[in-house]
Structure formats: C-alpha cells, structure tokens
Amino acid sequence: MLKQLLVITSVFGLTPQINAEQNSALALRFPVEKMVLENGLTVLLSASSTSPIVSYQTWFRVGSRDEKEGLTGLAHLFEHLMFKGATRYSNKEFDQTIRNHGGSANAFTTRDYTGYYINFPNEFATLAVDLESDRMASLKFDEESLKSEREVVKEEKRFRFDNNPLGKLFNSLFEVTFEKSRYRWPVIGSMEDLDRSTLEDAKDFFSSFYSPSNAVIVVAGGFEMSKMKNDIKAAYQNIPRREVKRLAPIPEPRQKSPRSLTIREAVQTPHIAFSFRSPKAGGEDSHAMDILGAIIGEGEDSRLHRELVYKRQIATSVSTYNQSMLESGVFQTLIQATSIKSLATIASVYNSVVEQIRRSGVTQGELDRAKKKIMLDFVESLKTAAGKARALALNEVMLGDYEALFNDIEKYQKVDVKSIQASALAYLNRHQGVTIKLLPESRSNSSQKGAK
Amino acid sequence: MIFSKCHSDFSRFVMGAFVVAGASSCQTMSRNSAFELSSTQESRLKNGIETMLINDSSLPATTVMVLVRHGMISESPGKSGVTELVGSTIDKGSGGMSANQISETFASMGGDFSISIEPDYMLVTLKSLSFDQERLIRFAYQVLSNPTFADDEIQRAKKRLTTSIRALLDQPSAVASAGLNQMVFGEHPYGRAVFGSRESLGKIRRGDIVNRFNQLFRPEYMTVAVVGRLNESLPQVLDETFGGWKQRVATNLHEVASPKESPRGEITFVKKSDLTQSQVRFGHLSIARNDPRFMKVRIANSILGHGFTSRLMDEIRDNMGLTYTIQSDVSNLRHTGIFHINTFTQNQRAGLLITEARRLYEDFVKGGVTQEELDSAKAYLKGLFPQVLETVDGQAFNRLILKVYGIEQSYLTDFMKDLDTLKLSEVNDVIRETFFPDRLKVFVLGGEGVEDQLNLVGKVNSIEYSEFIKQF
Chain R
12 MLKQLLVITS
22 VFGLTPQINA
32 EQNSALALRF
42 PVEKMVLENG
52 LTVLLSASST
62 SPIVSYQTWF
72 RVGSRDEKEG
82 LTGLAHLFEH
92 LMFKGATRYS
102 NKEFDQTIRN
112 HGGSANAFTT
122 RDYTGYYINF
132 PNEFATLAVD
142 LESDRMASLK
152 FDEESLKSER
162 EVVKEEKRFR
172 FDNNPLGKLF
182 NSLFEVTFEK
192 SRYRWPVIGS
202 MEDLDRSTLE
212 DAKDFFSSFY
222 SPSNAVIVVA
232 GGFEMSKMKN
242 DIKAAYQNIP
252 RREVKRLAPI
262 PEPRQKSPRS
272 LTIREAVQTP
282 HIAFSFRSPK
292 AGGEDSHAMD
302 ILGAIIGEGE
312 DSRLHRELVY
322 KRQIATSVST
332 YNQSMLESGV
342 FQTLIQATSI
352 KSLATIASVY
362 NSVVEQIRRS
372 GVTQGELDRA
382 KKKIMLDFVE
392 SLKTAAGKAR
402 ALALNEVMLG
412 DYEALFNDIE
422 KYQKVDVKSI
432 QASALAYLNR
442 HQGVTIKLLP
452 ESRSNSSQKG
462 AK
Chain X
69 MIFSKCHSDF
79 SRFVMGAFVV
89 AGASSCQTMS
99 RNSAFELSST
109 QESRLKNGIE
119 TMLINDSSLP
129 ATTVMVLVRH
139 GMISESPGKS
149 GVTELVGSTI
159 DKGSGGMSAN
169 QISETFASMG
179 GDFSISIEPD
189 YMLVTLKSLS
199 FDQERLIRFA
209 YQVLSNPTFA
219 DDEIQRAKKR
229 LTTSIRALLD
239 QPSAVASAGL
249 NQMVFGEHPY
259 GRAVFGSRES
269 LGKIRRGDIV
279 NRFNQLFRPE
289 YMTVAVVGRL
299 NESLPQVLDE
309 TFGGWKQRVA
319 TNLHEVASPK
329 ESPRGEITFV
339 KKSDLTQSQV
349 RFGHLSIARN
359 DPRFMKVRIA
369 NSILGHGFTS
379 RLMDEIRDNM
389 GLTYTIQSDV
399 SNLRHTGIFH
409 INTFTQNQRA
419 GLLITEARRL
429 YEDFVKGGVT
439 QEELDSAKAY
449 LKGLFPQVLE
459 TVDGQAFNRL
469 ILKVYGIEQS
479 YLTDFMKDLD
489 TLKLSEVNDV
499 IRETFFPDRL
509 KVFVLGGEGV
519 EDQLNLVGKV
529 NSIEYSEFIK
539 QF
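As you go down the protein sequences, you meet chains R and X in turn. Sequential numbering from 12 applies to the first sequence in our numbering. Sequential numbering from 69 applies to the second sequence in our numbering.
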C-alpha cells in the first residue's frame, strides 16, 4: 500500500514538461514521394507495407472564397455534381463500383479547398486511379442532375443551418468578422444564389478550377509504389492543363471598433460567441495562436472552463479554436450559457481572461499542457491511412509544401510564454473583436430574427 | 499544419459511425486475405478484472479503455439518469485530489478523461503519448477506484446536465430520435434517454450515485484494454493497480425484461412552428444482438438503407431529390433491437417522403433482395472491415463490444467465412421474419402544413412541441 501511495504521489507531482528523449520519440516522419506531372498535377505518395487500406484523395485549390458574389454556394454544389458520372463510369456506376469493391467515398468543401476521397482495401488501389482520373478528365452533368442536386443541397442547408440555431450562429461569426472578404459568406451559400446557379455557371466553374494544375493527389496506405506512379502518370498525363481563373482576393480592412450581433431563435439555451481575426495559414504567429486557443478554452483545465463552467457555473460548455485559412485566420470561442442573465457576466469574464493574458501572459504549466494536447492530437491524426493522406494534402494545399507537416511539432515546441503574450497583444484587441449572441425569441417579438 | 478546424466542412452525405461488432450501425468483413487482426493478449487479474493488450509500436500513443458490461437500462425505477451522474462526477474528486487537479493531471498527459454511458454498457477512454503510459494507468486507477462524489460536484453535474438537456431540445434531429425511441420501446428503459430527465435528476441523492457506482464498477463486470505502443512493464503495472480493485457492497442491478411492442403502425406528429424542415423517423422492434440471425439482418439492412447506393438513398435522394440523406439501421441490444430509418425533408414534402419510404420498405419485405444486391452487399461489408478495424483502438473497441453481448471473439476472425456462406434464400427468409411494414411507427417533428399531409397517409396523434418536451 505504501509503495502504491508513493508511486501515486510521485505521479501526481510530475511536471508535464517534455524531455529530449520524448521529443525525439515525437520526431515523426514517414516516407513521402512527390512528383509533378507536365500538366501541373501534384502527386504525393506514402506507401506502408502494413496498411490494409489505401486512401486516395484528390484536393482542389478551390473553395467558397473563389465564388463570385451572387453565386454563393457554387463550390459546394459543384462538389455534389462531381458524383454525377463521367465517360467510363456513368452516373450511378461511380458509387456502385466503389460499393462493389468494398470502398467508401465522400467529399468536403471549405472556404479554401475541396477534397474528394476514396478508401479501398489495398488490393483495389488501381481502381481508385481509374475512377478519379475519369471524372477529372471527362466529368458529365446536365440540367437534370443540376436540378436534382440543387434540391439535395437545399435540404442540406435546411438541415445544417436554417433549422439549426448553432449553424446560424457559426455562419454569423464569419459574416460579422469579415466585412469585405469572400470569407464572409457561408460555404453552403444562400437559397437565392443556389436557385440562380445555371448549368453554364457549373461548367465555367469546372473549367476555371478543376484543372490538374490546381489539384493535389495524395495516396497513403498499402500500395506498390512503382505501379502506383505508373498508373497515375498513364491516367492523368493527357488531361490538359487549363488556366486557373482565380478572382483576386478582396483585402479585409482593419477593424476599428467592436462589432456585435444578436440572433433570436426559438431556442431553449442561449449561446455567446467571440471572434477575432488571426494570422493566415503559415503566418508567423499561427502556432502560438493555436496554443493560446487551447489555454483559453480547450478542455477542463482551460481558463474559461474553470472560471465559467466550474467555478461560477454560468456556462455548460466552452470551446476555443484558432482556424488558419489562406487569406486570414479566425480565433473563435463558443460558450453555451445556463441562462440569458448570465451572458453579461460571461462576456465580462471572457474579456478579463483575454486582458489578463495580454497583460501577464500564461504560465509555463499551461503552455506545457497545451503542447502535450497538440502533440497527442498530431499522433492520433496519423493513425489511419486517410488521416495521413489528409494531413499531407492539407499542408500541400494550404502551405504549398507537405514537408511543413513534419516541422510542425518543432514549431509548436519553440513557442514560449513570451510569444504567446505577444500574439495575444497582436491579435486579441477588444476593439477588433466580434460578439454574437444567440437568444431565445422574446414572447412579445417572436418574429424578430437576425437583428444587427 | 496539424489541424484542419473545418467547422465549415461539408460532406456529400452524413455517414454514420461504423461498429463491426454490433450495438450500432453496420458490421463489416474482410475480402482482403492479407489483412489480419493484431495479436491480442487477454488475461484476468487476481480480482477477476479482464485485461486486453494489443501492441502497435508504429506510433508513440497509448489508449486505455475501461469497459463496464452494464449500462443505463439496469437503473432502478425512479433513478433515471443516475448512471449519467456517476459518469459526470467520477472524475471530479478522488482521495485528496480536487476536480481541477485531476483535469490538470490528465491534460498534462495530453488528453481529457472521457466516459460514454450507453444503454447496455459504460466505457471510459483515456489517451496519452506512450511515454506517459504508466503514469496514465496509475493515475486512471487512482481516480476511478476511489471517487469522492462530493455533494457540491453532484450539484454542479446536475446543473450542467439539466442545461444540456435543454440544449438538446434545440436540435430537431435529437428530439425526433428520442420521440421514435419512445414510440417503439414505450415504458421500457430502452425508451428513456440515458441522461434521464430534468425531473428525475432532481430526485437523485448522493447515496444513489454511490450505490450505482458500487453496482457497476465491480471486477466481474470490468475489462481494461490497453492498446498502442506498450511497455514491457505493463502487465505488472495493471496488476499493481487494477489488480487491487476491491468489490464494494451494493444493491443488485435492476432486472430488465424484453420490451413488448404494439403490433400496429402509428404516426405521431409534434409541431414546432418555426421549423421549415421536418425530421422523420420510422421504426419498430428488431432482434437482440445475440440472435443467430444478426448477420443476415445486418446485410439485409445494408441493401435497404446503408451507403450511397442503398435502395432508400437511390430513390429518395438521388431520383427524387427529397432529402440530403436517408439511412436505415438496426441497433441490436442486449434484450432486443430497433430497426429505424432516419431522414428529413422540407415541410411541404413530408407526406410524399413518408409515402415513398413506406412503399420502398414494403417492396423490400415483399420482394426480398436479389442475388446481385447480396453479392454487392457482401463485397461492400468485406471492404469496410479493414477500414473499421484499421487501428488497434478500433479493434479493441469492437472486441469490447463483443464482450458486452457475450459474443465469442471468433466472431471477428470467422466473419469473412460466415458472410461468404450466407445464401440468398436465408437472407430473404430473415427479411420476412424480422422486418415488418405493418408495425412501422412514424415520428415526425415538423412545422406548418405537415399535419394535413400526414392525415392523408394515416391516423395521426398530434402533440404540441411545448407539451412534448415537458417530459425531458
């Protein structure tokens, strides 16, 4: 018993700092081969002899930031059209072929990029090349498929946003944080714009952005390297490079005063959210801001959780994250409050937590714990072939070099308490903040919605 | 970049989580003869706690899972939510340590403490980098084996849970699923929400929570799984920690009978005027997890409603554009199971969607499936097998679920062979035996104009939203 007690005591007393040996254990690296075809297509290949899965991912450098005003939602709507068939695999044959070979496929659209993936048992790796190259070379869709998918997307919008108060809140965070940038509109778009989009718009979109030179293919998992290289070259090399017609980014003016919005919905629980603009992807302070997010509002040991959820019991959940995008970042916090009357206190506590970090910085213990969380997240993200492929694609598309993935841990390790404070001073200025409240409809004014 | 914080990510289809072993969603199988499950070392500590070790040295990570093979449904009458309260307070004080000290210590190893309360089991999951492995296990044991259950922590947990219940009511999808559960299971514990209700939580006292902890966390019900890059000293560490777990005195678990279901189809409509989209659920009772027809039911369901090319997705989404997603599933539990279809559509088309989904379901049961569909489903499930079990975490989780339902571990190793032997006639017989269009309950949560459409498809029991949510 004494032995056990001693061990437990020492366990509890350990400091979480990472020593040199632990650091070297985290110097994770797995082999990656890169090739760029003559048509500009970038290919990253990471083979593992032990993986039973091959994850074949095709990411295009196009998202909702590339949409024209009046055609919002087109990037995502187009993602749906990519499953409507091509020359070799017509309409439903694409999905049926994947099912018949035990695969799974899906896609996702963000503000910056659009990704498509097929995960197969590794014996069908070559089939993924055939399926994906077919639709990049010869996608086919018509008025009928556009009409059908438009209705599907509108149902998706009703599901995720129109009938989901938190979805509305998230969209509002971007709408208010950005005044000019195309980041301000939601990826799903507006109903009016979805209805407005034509077959010609969709064809233009494909022509403008779905050039091989605007794509990154990542294959990770169990496959034979030389065969995969040859298959990809043979399948893609004749797809012509097209000019990528990207709109020039709209510079976001410096925010000069705080902004706020109150949304009223038929909800049971009020929420409050805060947002600041933060460094863009690859920005010098982006690692420090990631760590700062963890310290402020990620996990039960974070400052906001302790103060609002545990001590004062005026909130039930807190979540802070730093999201780095191509043109800017956002540093956002979402808090679920116990009542409307607690919102003022929550806002006051939030501001004082931020001000305290700007004034006095964070502790070494907080910094070390946040780094540990990030390291564990990093390791967890690499457990699957799909996770590896996604991590490589993300770095190649967002930072222009997959190698950034392997340097990240070192960059996080270099963040110190001074750089955290400096980042808070640079980016968390209350005069440049955004506050959004989601409140239950008042009985006397139940129709009031979205009042700015 | 390590992270992609993509709250704005959109997928073509909301995919359900896969579990091979049962309990939820779809079981799968390997067509890939090269894929083998990792070697698993199982043993029993001196006090009877089972252990499961799976080594995978490819990454410096460790996952610890503590399974308790009983869950919410064995709560005593009138104590609904007490298991959730055990889960919410078990890590909020232990020995001389406060909740803050505990959360800080887990965080110093990189991860949070998480606990999942399910109808048939509880699962604690902890993760760390592998160099914190021994520290994680010793600390987890200290926290789990000696929880304080302080009154102030119980009050905090109750307050958080009651607010969380209110927050769930803001999610139409969650409300609709709870509504269907009630229609199908009635007063049976499977029809209750695991977190209880605001009223029931208020009646639970500290003694109830302590008794519930002592009921559940008994060595005979527990399995500790450790997976990842494992240290050589691990068996000794487990012996020194969980091997010392003492059984405490508690009342017996409440005995649960199998639920009975009304043999008639019914429609319940809950009106929430602000909704522009109706959440629609269909369901009826199905077989328990240990029923020998399990595999046949699952493969039949995959043809009806799992994946992009299922009959439901093909017609309701792709051909008619009525919804973004429609899925059917069978959740096979300890005492019974539930077959259900989940979907949604704009209010104006709710009646049409229900009519079409019912028609497809009737055709499925009357006509059965074809050999071509069965072959495709076998290939699909075989291919998903290595995807679901790609990580040792996934393997351990599925092995633990088998233990919950008393299914032999050979289920995983034999599944490919068993799947291959399934004959079309057997699958179609099981479809006729276990899928019942005439018993289908329909729950709709929707807005204006829906009720008139529902009256055209059957007799409707209408409830105002404000009345309906009083029970939660």
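Be aware that one or more of the hints could be misleading.
Said to hold, decoys possible - Just some of the chain R residues that point at chain X, by a computed CB distance under 10 Å:
#, residue
1, T98
2, R99
3, Y100
4, S101
5, K103
6, H112
7, L393
Stated by the list, open to error - Here are the computed lysine to any residue pairs in the SDA-like style, where the Cα-Cα straight-line distance is at most 25 Å:
#, chain 1, residue 1, chain 2, residue 2
8, R, K322, X, Q169
9, X, K538, R, K322
10, R, K151, X, G389
11, R, K322, X, R427
12, X, K339, R, L450
13, R, K448, R, G294
14, R, K352, X, D238
15, R, K352, X, E494
16, X, K471, X, Q304
17, R, K291, R, Y100
18, R, K214, X, Y479
19, R, K151, X, G270
20, R, K103, X, K538
Think of the hints as simulated: they come from the structure by calculation, not from any bench. All C-beta atoms in this analysis are idealised placements derived from N, C-alpha and C, irrespective of residue type, glycine included.
Checked hints:
1. A hinted interface residue such as T98/R counts as satisfied when its beta carbon comes closer than 10 Å to some beta carbon of chain X; here the least separation is about 20 Å, so the hint is violated.
2. The interface hint given for R99/R is violated, since its Cβ lies 17 Å from the closest Cβ of chain X, which is over the 10 Å cut-off.
3. Against a cut-off of 10 Å between C-beta atoms, the interface hint on Y100/R is violated, since the closest Cβ of chain X lies about 13 Å away.
4. Look at S101/R: its Cβ only gets to about 13 Å from chain X, farther than 10 Å, so that hint breaks.
5. Against a cut-off of 10 Å between C-beta atoms, the interface hint on K103/R holds, since the closest Cβ of chain X lies about 7 Å away.
6. For H112/R, the shortest C-beta to C-beta distance to chain X is roughly 6 Å, which falls under 10 Å, so the interface hint holds.
7. Annotation: L393/R was flagged as interfacial toward chain X, and the flag holds, the nearest CB pair being 6 Å apart, inside 10 Å.
8. Restraint check for K322/R and Q169/X: satisfied, since their Cα atoms lie roughly 14 Å apart, inside the 25 Å limit.
9. Restraint check: the Cα-Cα separation between K538/X and K322/R comes to about 29 Å, which exceeds 25 Å; the hinted pair is violated.
10. As the CA atoms of K151/R and G389/X are separated by approximately 19 Å, the hinted pair is consistent with the 25 Å bound.
11. Note on K322/R and R427/X: the hinted pairing is violated, with a Cα-Cα distance of about 55 Å set against a maximum of 25 Å.
12. At roughly 21 Å between alpha-carbon atoms, K339/X and L450/R fall within 25 Å of each other, so this suggested pair holds.
13. Taking the CA atoms of K448/R and G294/R, the gap is near 30 Å; set against the 25 Å cutoff, the hint is violated.
14. For the given pair, K352/R sits about 19 Å from D238/X by alpha-carbon distance, which is consistent with the 25 Å threshold.
15. Taking the CA atoms of K352/R and E494/X, the gap is near 61 Å; set against the 25 Å cutoff, the hint is violated.
16. Of the pairs offered as hints, the one joining K471/X and Q304/X holds, with about 24 Å between alpha carbons and a cut-off of 25 Å not exceeded.
17. For a cut-off of 25 Å, the pair hint linking K291/R to Y100/R is broken: about 39 Å separates their Cα positions.
18. For the hint linking K214/R to Y479/X, the alpha-carbon distance of about 50 Å lies beyond 25 Å, and the restraint is violated.
19. This hinted pair does not check out: K151/R and G270/X have alpha carbons roughly 59 Å apart, beyond 25 Å.
20. Between K103/R and K538/X, the direct Cα distance comes to roughly 45 Å. Violation of the 25 Å bound is thereby established for this hinted pair.
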